[in-house]
Amino acid sequence: MNLIAKKISETRKIQGLTQEELAEKSQINLRTIQRIENNKNEPRGKTLILICEVLQIDIRKVLAHANAQNKMNVGTKIANGLFLVALNLVLMGIIGYLTLDSGANINSEFGGLLLSIFLPFFIVASTPKMSGLERMLKFGFGYISYFILVMISQGFQLGFETGLFPCLLISLSVLYFGSRLINRE
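The working numbering puts the first residue of the sequence shown at 1114, with every later residue one more than the last.
Errors might be hidden in some of the hints.
No more than 25 Å apart at the CA atoms, straight line, and that leaves these computed lysine-lysine pairs for DSS-like [unchecked claim]: (1) K1138 / K1159; (2) K1119 / K1190; (3) K1174 / K1126; (4) K1242 / K1119; (5) K1138 / K1120; (6) K1174 / K1159.
No wet-lab data here; the hints were simulated from the structure.
Keep in mind the model is a prediction, meaning the values are calculated, not measured.
Please model the complete structure; the sequences and the hints are all you need to start from.
Have a look at this one:
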């Protein structure tokens, strides 16, 4: 729930008003109040002013706090993006080192295969509310990039023979379909 909607909902409840009473007093459609509190619409302009007048909320404080929150969200998004890039580089390096390295033997290739299953399962278990496609794009873009890079520089045959491509495909599949394999009740 965004900050404005949360403030409206909390203040309405503290004052003992129902959504219907707030809609009547502010002369705003009940459905609009419901959509605002359910975070489907964000109140703007006249709607926000009318609601704040009825609830006796200082609109300037609410908007200033919301703007400060949005600025923090930008910093958080940048930090999350950098973390995802670093994580994808580490995952690429692990699988690549275990499979594509010139000194890779059957044991390291088997280790790469196991890690290409278990690391994505750990990610799936850690992100239960994320969709498969979103998870695959966030945590698998390094695998996709690595696949393309090896395909261009080394060719498909070498990538397949070393076990890199099968490991990347398994990892991407687990990221996408993993939540279906984990029984969540």
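Verification of the hints:
no., hint, result
1, K1138 / K1159, "holds, 14 Å"
2, K1119 / K1190, "holds, 22 Å"
3, K1174 / K1126, "holds, 19 Å"
4, K1242 / K1119, "holds, 22 Å"
5, K1138 / K1120, "holds, 17 Å"
6, K1174 / K1159, "holds, 17 Å"
Checked against the numbered hints listed earlier, the structure breaks none of them; every hint is satisfied.
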